[in-house]
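Work the whole structure out from these sequences, hints included.
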Amino acid sequence: EAQVTQNPRYLITVTGKKLTVTCSQNMNHEYMSWYRQDPGLGLRQIYYSMNVEVTDKGDVPEGYKVSRKEKRNFPLILESPSPNQTSLYFCASSSRMGVVKLFFGSGTQLSVL
Amino acid sequence: GIQVEQSPPDLILQEGANSTLRCNFSDSVNNLQWFHQNPWGQLINLFYIPSGTKQNGRLSATTVATERYSLLYISSSQTTDSGVYFCAVPRAGGTSYGKLTFGQGTILTVHP
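Taken in order, these protein sequences are the chains called A and B.
Take the first sequence: its position 1, counted from the start at 1, is 18 in the working numbering, and no numbers get skipped.
Take the second sequence: its position 102, counted from the start at 1, is 137 in the working numbering, and no numbers get skipped.
Some hints here could point you the wrong way.
Simulated restraints on C-beta separations [to be verified]: (1) B/57 x A/123: 24 to 34 Å; (2) A/24 x B/73: 39 to 49 Å; (3) B/38 x A/101: 36 to 46 Å; (4) A/79 x B/102: 28 to 38 Å; (5) B/147 x A/84: 40 to 50 Å; (6) A/86 x B/76: 26 to 36 Å; (7) B/73 x A/34: 25 to 35 Å; (8) A/58 x B/80: 13 to 23 Å; (9) A/80 x B/147: 41 to 51 Å.
Part of the chain A face toward chain B, derived, beta carbon under 10 Å [to be verified]: (10) 50; (11) 59; (12) 61; (13) 62; (14) 69; (15) 70; (16) 74; (17) 80; (18) 81; (19) 100; (20) 104; (21) 105; (22) 109; (23) 119; (24) 120; (25) 121.
Okay, derived cross-link-like pairs now, DSSO-like style, lysine-lysine, Cα gap no bigger than 30 Å in a straight line [to be verified]: (26) A/86 x B/134; (27) B/134 x A/118; (28) A/118 x A/86.
The hints are simulated quantities; they were obtained by calculation from the structure and are not laboratory data.
Being a predicted model, the structure only gives us computed values, none of them experimental.
Every residue gets a Cβ at the ideal spot worked out from N, C-alpha and C, and that includes glycine.
Structure below.
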C-alpha cells in the first residue's frame with residue numbers, strides 16, 4: 018500500500034531534549050516536506066527536499082533541522098525543543114513529474130513542556 | 036509570496052445539501068490542490084487541478100487559472116464530509132511547487 022509513515026504519533030517531551038520525528042515513504046517520490054499546523058495559523062511549511070541531499074527552507078525553519086540521505090526517508094530534528102514548537106506536524110511527499118499530488122502522513126502531535 | 040484566501044471560513048449544512056467552497060490566489064500558478072482534513076486530523080488529497088474541471092463522485096472542482104480562483108463543489112453532503120478543506124498553491128507562483136502555501140481552510144460541519 019502506498020503511504021507516508023510518520024513516527025511517533027504522539028510525543029511529549031521537555032524543553033531542550035533533542036528529538037527526531039521520522040518520515041518514510043514507499044512511493045519512490047523525489048519531493049518530501051514537513052509542515053506544522055497550529056490553530057488559527059493553518060499549515061506552514063518548515064523544510065522541503067527536492068531529492069536526495071537537496072533540502073531548502075520553508076516558511077518557518079527556525080529551530081528545526083532536516084536531512085535527506087536516502088530517497089525514502091526525511092527525518093525532522095529538533096535539537097533543542099521549546100514550548101513554541103508544540104504543534105501538530107505532518108510529513109508529505111509527491112513525485113516531481115506529471116500529476117504532482119501531495120500525500121500526507123498521519124501526523125505527529127508534539128508537546129514540549 | 037503568493038496570497039491564498041479561502042471562503043467561507045465556516046459552513047454548516049444539513050445532510051443532503053450542496054455547497055461551494057472558494058479559493059482565491061494572487062498570482063498565476065501551475066499547481067493547485069484541494070485537501071480534506073477529517074475530524075481525526077488526517078489530510079487527504081482530493082484534487083490536483085491547476086486548470087479545468089474534475090469530478091470524483093459527489094465532489095468536483097474547477098480552477099479558472101486566468102482569473103485566479105478555484106471552486107470545490109460538494110453535492111448531497113454527508114456527515115463524513117465534515118472537516119476542514121484546504122487549497123494549496125506554489126508559494127512563488129507557477130514553477131516553485133516545492134514551496135506550497137496553504138489557505139486558512141474552510142471548516143465544514145454537516146449535521147444529520
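Cross-check of the supplied hints:
{"no.": "1", "hint": "B/57 x A/123: 24 to 34 Å", "verdict": "holds, 28 Å"}
{"no.": "2", "hint": "A/24 x B/73: 39 to 49 Å", "verdict": "violated, 20 Å"}
{"no.": "3", "hint": "B/38 x A/101: 36 to 46 Å", "verdict": "violated, 25 Å"}
{"no.": "4", "hint": "A/79 x B/102: 28 to 38 Å", "verdict": "holds, 36 Å"}
{"no.": "5", "hint": "B/147 x A/84: 40 to 50 Å", "verdict": "holds, 47 Å"}
{"no.": "6", "hint": "A/86 x B/76: 26 to 36 Å", "verdict": "holds, 29 Å"}
{"no.": "7", "hint": "B/73 x A/34: 25 to 35 Å", "verdict": "holds, 32 Å"}
{"no.": "8", "hint": "A/58 x B/80: 13 to 23 Å", "verdict": "holds, 21 Å"}
{"no.": "9", "hint": "A/80 x B/147: 41 to 51 Å", "verdict": "holds, 43 Å"}
{"no.": "10", "hint": "50", "verdict": "holds, 7 Å"}
{"no.": "11", "hint": "59", "verdict": "holds, 5 Å"}
{"no.": "12", "hint": "61", "verdict": "holds, 8 Å"}
{"no.": "13", "hint": "62", "verdict": "holds, 6 Å"}
{"no.": "14", "hint": "69", "verdict": "violated, 15 Å"}
{"no.": "15", "hint": "70", "verdict": "violated, 15 Å"}
{"no.": "16", "hint": "74", "verdict": "holds, 9 Å"}
{"no.": "17", "hint": "80", "verdict": "violated, 19 Å"}
{"no.": "18", "hint": "81", "verdict": "violated, 15 Å"}
{"no.": "19", "hint": "100", "verdict": "violated, 21 Å"}
{"no.": "20", "hint": "104", "verdict": "violated, 12 Å"}
{"no.": "21", "hint": "105", "verdict": "holds, 7 Å"}
{"no.": "22", "hint": "109", "verdict": "holds, 8 Å"}
{"no.": "23", "hint": "119", "verdict": "holds, 6 Å"}
{"no.": "24", "hint": "120", "verdict": "holds, 6 Å"}
{"no.": "25", "hint": "121", "verdict": "holds, 4 Å"}
{"no.": "26", "hint": "A/86 x B/134", "verdict": "holds, 20 Å"}
{"no.": "27", "hint": "B/134 x A/118", "verdict": "holds, 13 Å"}
{"no.": "28", "hint": "A/118 x A/86", "verdict": "holds, 23 Å"}
Hints 2, 3, 14, 15, 17, 18, 19 and 20 from the list above are not met by this structure, while the remaining hints are.
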